Every structure is written in structure tokens, then in C-alpha cells.
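Guided by the hints, dock chain B onto chain A, whose structure is given.
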Amino acid sequence: MSSSKPAVEVHDIKKEFYLPHHTNNSIKTAITQVFKPKEKGGNMFYALNGVSFNVEKGDFFGILGRNGSGKSTLLKIISDIYRPTSGYVKHRGKLVSFIELGVGFKPALTGRENVYLNCALLGFSKQEVDSMYDEIVEFAELEKFMDQKLKNYSSGMKVRLAFSVSIRAKADILILDEVLAVGDAAFKEKCNDYFRSLIDDKKTVILVTHSMAAVEEFCNKAVLIENGKIAFEGDAKEAAQKYLELFGNTKKAREANRLSD
Amino acid sequence: MKTKLFARYRYSLILLRELVITDFKLRYQDSLLGYLWALLRPLFLFAIIYVVFVYILKIGKGVEHWAVALLLGMMLWSFFTEITKQGLKAIVKNGGIIRKINFPKYIIVIATSLSALINLSINLIVIVIFAISNHVPFTWNMLWVFPIIVEIYFFALGLAFLLGTLNVKYRDVDYIWDIVTQGLFYGSAIMFPITEVVKHSKKMAELLLLNPICQAISDARHLAVNPRELPMMGNLTDNILLIVAPFVITLLIFVFGALYFRARSPYFAEDI
Numbered sequence: 001m002s003s004s005k006p007a008v009e010v011h012d013i014k015k016e017f018y019l020p021h022h023t024n025n026s027i028k029t030a031i032t033q034v035f036k037p038k039e040k041g042g043n044m045f046y047a048l049n050g051v052s053f054n055v056e057k058g059d060f061f062g063i064l065g066r067n068g069s070g071k072s073t074l075l076k077i078i079s080d081i082y083r084p085t086s087g088y089v090k091h092r093g094k095l096v097s098f099i100e101l102g103v104g105f106k107p108a109l110t111g112r113e114n115v116y117l118n119c120a121l122l123g124f125s126k127q128e129v130d131s132m133y134d135e136i137v138e139f140a141e142l143e144k145f146m147d148q149k150l151k152n153y154s155s156g157m158k159v160r161l162a163f164s165v166s167i168r169a170k171a172d173i174l175i176l177d178e179v180l181a182v183g184d185a186a187f188k189e190k191c192n193d194y195f196r197s198l199i200d201d202k203k204t205v206i207l208v209t210h211s212m213a214a215v216e217e218f219c220n221k222a223v224l225i226e227n228g229k230i231a232f233e234g235d236a237k238e239a240a241q242k243y244l245e246l247f248g249n250t251k252k253a254r255e256a257n258r259l260s261d
Numbered sequence: 001m002k003t004k005l006f007a008r009y010r011y012s013l014i015l016l017r018e019l020v021i022t023d024f025k026l027r028y029q030d031s032l033l034g035y036l037w038a039l040l041r042p043l044f045l046f047a048i049i050y051v052v053f054v055y056i057l058k059i060g061k062g063v064e065h066w067a068v069a070l071l072l073g074m075m076l077w078s079f080f081t082e083i084t085k086q087g088l089k090a091i092v093k094n095g096g097i098i099r100k101i102n103f104p105k106y107i108i109v110i111a112t113s114l115s116a117l118i119n120l121s122i123n124l125i126v127i128v129i130f131a132i133s134n135h136v137p138f139t140w141n142m143l144w145v146f147p148i149i150v151e152i153y154f155f156a157l158g159l160a161f162l163l164g165t166l167n168v169k170y171r172d173v174d175y176i177w178d179i180v181t182q183g184l185f186y187g188s189a190i191m192f193p194i195t196e197v198v199k200h201s202k203k204m205a206e207l208l209l210l211n212p213i214c215q216a217i218s219d220a221r222h223l224a225v226n227p228r229e230l231p232m233m234g235n236l237t238d239n240i241l242l243i244v245a246p247f248v249i250t251l252l253i254f255v256f257g258a259l260y261f262r263a264r265s266p267y268f269a270e271d272i
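If you're matching them up, the sequences are chains A and B in order.
In terms of this note's numbering, the first sequence opens at residue 1 and continues consecutively.
In terms of this note's numbering, the second sequence opens at residue 1 and continues consecutively.
These are calculated hints, taken from the structure and not from any lab test.
Note that the structure is predicted; figures quoted are calculated from it, not measured.
Where hints are given, some of them may not hold.
[Unchecked claim] Subject to a maximum C-alpha distance of 30 angstroms in a straight line, what follows is the list of computed BS3-like cross-link-like pairs (lysine-lysine):
| no. | chain 1 | residue 1 | chain 2 | residue 2 |
| --- | --- | --- | --- | --- |
| 1 | A | 203 | B | 4 |
| 2 | A | 151 | B | 4 |
| 3 | B | 169 | A | 106 |
| 4 | A | 149 | B | 4 |
| 5 | B | 85 | A | 151 |
| 6 | A | 57 | B | 4 |
| 7 | A | 126 | B | 4 |
| 8 | B | 199 | A | 149 |
| 9 | B | 203 | A | 14 |
| 10 | A | 90 | A | 221 |
| 11 | B | 85 | A | 106 |
So that you can see chain A by itself, here it is in the shape it has in the complex (with noise of 0.2 angstroms):
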């Protein structure tokens, strides 16, 4: 059995990005650029150096940094959006990831047909969505407004319907960016609640957070991402409190200075 195998192999990843100096997006500034060093029109930047490590099969797994760490960029090559520099991803079982919700979503349709692209984007089959689409404007509590035009929607209401849609995607693998960080409350809790039903149903599920504490109630383990390398693998709770120590203290710092002066 492949059981005892990772359901995600990070290895070795290394993600370069050409940071130019001027946007370089038409035909005659590469021209003239042909003629130039790639050195003097701007400069390589490595958002991920040399980054590897396993998650393991319903493994809860954070991945934490501060903003422009690397752990988005990383994110994205997990999931096949990105191709790294150098390096490889292998995953086992198959695998659904939400940067952000309610992607593809078009304004000028209505939360019936968007719910229909949505779900086509998740590999939903129209039979499949027609047998599962009262759930879904049910669990969004958007009854009356389905023939609305989606544009009309206040933004809770769209991240309410994204997410009625999302939590139907068949998944061993799932990988989420921050899509909890939005909505009210009871929005909240039902994320919670979502989340907890993936640990019961031992889904392998990657998150990527900057809330310490989703961090702490969710996750078995994490990985901290600093510059573009591994600054902590290891237990969830600690990779927190490594987060808090590290960056989270600059802040308190700052606080106590200012409350000393």
C-alpha cells in the first residue's frame, strides 16, 4: 500500500522571479532590451530558496510567514499553478486548492449560472450540480436571490455562495489560502465547522494562515517560511509560538516602547 508514502512530497523547490526595473510588456521595449544584459533592466530575486518537506496522509498542515515570505508563491506551486525554477512536487490523491474564493465568478450572470461555472471549475458535471444545488443555495442561505444578478450581491453574500460551492469539492487533498480570514462571525463558525469535519474525515489538508490561533486549534503541523526557506518544521503549536516570538514580538516591542515613552 502507498498509505505509509506522503500525500505531498515538497522537494528542493526554488522559485526565481525577474524583478525588471521598467514593466517590459510590449514589443519595442524588447527590442531594445535584446540588446541590453538582463542584469542592468532589473534583477533576479529567489522568492523560494531551496524549500522541502512531507505532509503526511491526513496530516492538518500549516504553512506560516509574514507577508512576502514565499509561503503564497509556494502555495501556488503546490498546486500546480506555478512551475518552480528547480525542484519538484509530487501529491498523491487528488487535489483541490482555494487561493481564493469565488474564482470565475462573473458578475453579469446570476448565483444560479455561477454556481454552475463554479462548479464546473471544481469537475462538478451539470447532473452532479442539479442533484446537489438546493444544499448549496441552502448552506449559502441565498434562497431568494439565486436568479439575482450576481453583481448585485453585497460581498458577504458572494463569499457566502463561494463557499457553499467550495465545501462540495471531492478532494483527498485540499488546499486553502487565507479564505477564512473573511465574513462575519457566523461565517467564521461555519469555516470552523468545515474545518473540523475535514480532521474527521482524516483529509490531508494544507493551510496557509496568518492567524495563530487557527493555527493552534487546527493544525498537527507547520512549517515556517522566512526569506524563501524553512525557518521551523515541525509541531503546529510550536511553529506558532516560534511565529509569535519571532515577529509577533516586534510589534509587542514597539507597544511597550511606546507605552514607556
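For chain B alone, coordinates are given in the frame of chain A:
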């Protein structure tokens, strides 16, 4: 085997279906006549060209059923431009999804091409009605129009892949292609019979017919509308190389476009 193949492309097929439907709904939304515009647009364009070139300038006068040939040519042309122009923009237009979800990118381009194919099918009905009312004699040769449509489809799709990929990096491609299609429109002998060019210079006509669109439209007009007065490449020359060339060009463009697209598509998310 069949089910395995279906399972492999299941996701692509589901997505393709939904994208075509969405494209349809969005395109004619909030317009009173809605989908009728897919029909009315080429018809009005045809009416203008008919009045100017046939009625006033007397181009194509004396050629039997020239009006039907003109309409057929224009509908095939608008099929070609719709695929290339929409396909060219498709990747950039869907940048939001591409940056957030991993899915086979070619689906987007195929979806726009299928919308164009649906439009063409409806246009073909109009042409058939127009041909019947003009007493164009029915022949089995008319069925050649379908393989000709397949040729145009692959030529246009290859270009859409190629231009759509280039457009991700260089948005100039959109403007350049606009100009190129203008030139191609006049260079493909759409508003006038190819005989007008032959009269002027046979070499010139052969050169124009190397362009797959010009060749496809001349073939369609010759085979389906008027075999006596509207020639195709085979009537002008015995040189087999010249006859085969447009098909080779079509194949090369398609293969190159598809391969280039496939090679670049993993980087669309970061390049858009």
C-alpha cells in the same frame, strides 16, 4: 478504453461545456435582439458590401450567383476572424482564473472557437436559404464545404494558440493582428471574384491562393456555388506543390501554434 479516455478528459469536457454556455450568455447579455446579432452582423456587413461593390461598382457582374458566393465567403471569413480575435484575447481575459486555479488552459481557447463554430452553423442555414432562393443548382460537391470548414477551423485555431500565447507577454499582438486581418481581408479575394486577380496577373492569383483562407474560400465558392466561373488553385495551375502548399501551411501553423501554447502555458499564471 473509451471510458478511460472519457475519464481523462472528463474535467476538460465539463469545463468546456460550461465555458461555451457562459461565453454565449455573456456575449449577448442586455441586448434586445440577443443572439440574433450573431446573424444580423454578418448580414448587414454583407448588405453594405453588396450595395457598394456589386450594385454600384459592378464587381462580380456577369458571374452567376456571385451574391451567394460573396455571402458564403464573408461568413467563412467572419468565422476565421472570430476564432483568431477572440482566441487571441481569451488567455489574458481569463487571467484572474488562471492565476488562482490550475486547469488545462487550452480549454479557454477551444471554448471561444466552439462559440464561433456555433455561429457559423447558424450562418450556414442563412446561406442555404439564400442559395435556394437564388436557384443555385444542388450538387454533391457542395458537401466539400464541410472539410473546408475543418481546414479553416484548424488554421484559425493554430493562429489563436500562437497569438494568444504571444499576447500574454506582448499586448501589441492584439493591435497588430487587427491590422493584419484588415490586410488579409483584401488579400483573400473576399469581396471580388478571384478571376479579377487572374485577369490582372495569374502569378498574383497563385500567390494569393497560397494563403489558406483565400484558398479555402475560393474552393468553397468553386465547389458549392459556381464551378464554371469561380476557379480554385487546381484550375489555375498543374503544379502540385502550389496546390498542396496551403494545406501544409495550415498544418504547420496548427502544430506550431499548439506546441508553442503547450510549452508556454505553465507560465501563463506568472506572465499575465
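Problem set entry | Holds or violated: residue 57 of chain A to residue 4 of chain B, with C-alpha atoms at most 30 angstroms apart | Holds - the C-alpha atoms of residue 4 of chain B and residue 57 of chain A are around 27 angstroms apart, at most 30 angstroms.
Problem set entry | Straight-line alpha-carbon gap residue 151 of chain A to residue 4 of chain B, limit 30 angstroms | violated, 40 angstroms
Problem set entry | Pair hint residue 149 of chain A and residue 4 of chain B, alpha-carbon separation not exceeding 30 angstroms | The hint is violated at about 38 angstroms.
Problem set entry | Given hint residue 4 of chain B paired with residue 126 of chain A - CA-CA distance at most 30 angstroms | holds, 20 angstroms
For this session: Could you grab the alpha-carbon distance between residue 199 of chain B and residue 149 of chain A and see if it respects the 30 angstroms cut-off?
Result: violated, 58 angstroms
For this session: Could you grab the alpha-carbon distance between residue 85 of chain B and residue 151 of chain A and see if it respects the 30 angstroms cut-off?
Result: With Cα atoms ~27 angstroms apart, residue 85 of chain B and residue 151 of chain A stay inside 30 angstroms; holds.
Exercise. Straight-line Cα separation of residue 90 of chain A and residue 221 of chain A no greater than 30 angstroms?
Worked result: With a Cα-Cα distance of about 19 angstroms, the restraint between residue 90 of chain A and residue 221 of chain A holds, given a limit of 30 angstroms.
Problem set entry | 30 angstroms limit on alpha-carbon distance, applied to hinted pair residue 169 of chain B and residue 106 of chain A | holds, 25 angstroms
Exercise. Does residue 203 of chain A pair with residue 4 of chain B here, judged by a C-alpha cut-off of 30 angstroms?
Worked result: Holds - the C-alpha atoms of residue 4 of chain B and residue 203 of chain A are around 26 angstroms apart, at most 30 angstroms.
Exercise. Is the hinted pair residue 203 of chain B and residue 14 of chain A satisfied, with a Cα-Cα distance of at most 30 angstroms?
Worked result: violated, 57 angstroms
Problem set entry | residue 85 of chain B paired with residue 106 of chain A [C-alpha distance capped at 30 angstroms] | Given pair residue 85 of chain B, residue 106 of chain A holds - Cα atoms ~21 angstroms apart, limit 30 angstroms.
Hint compliance for this structure: hints 2, 4, 8, 9 are not met, and every other hint is.
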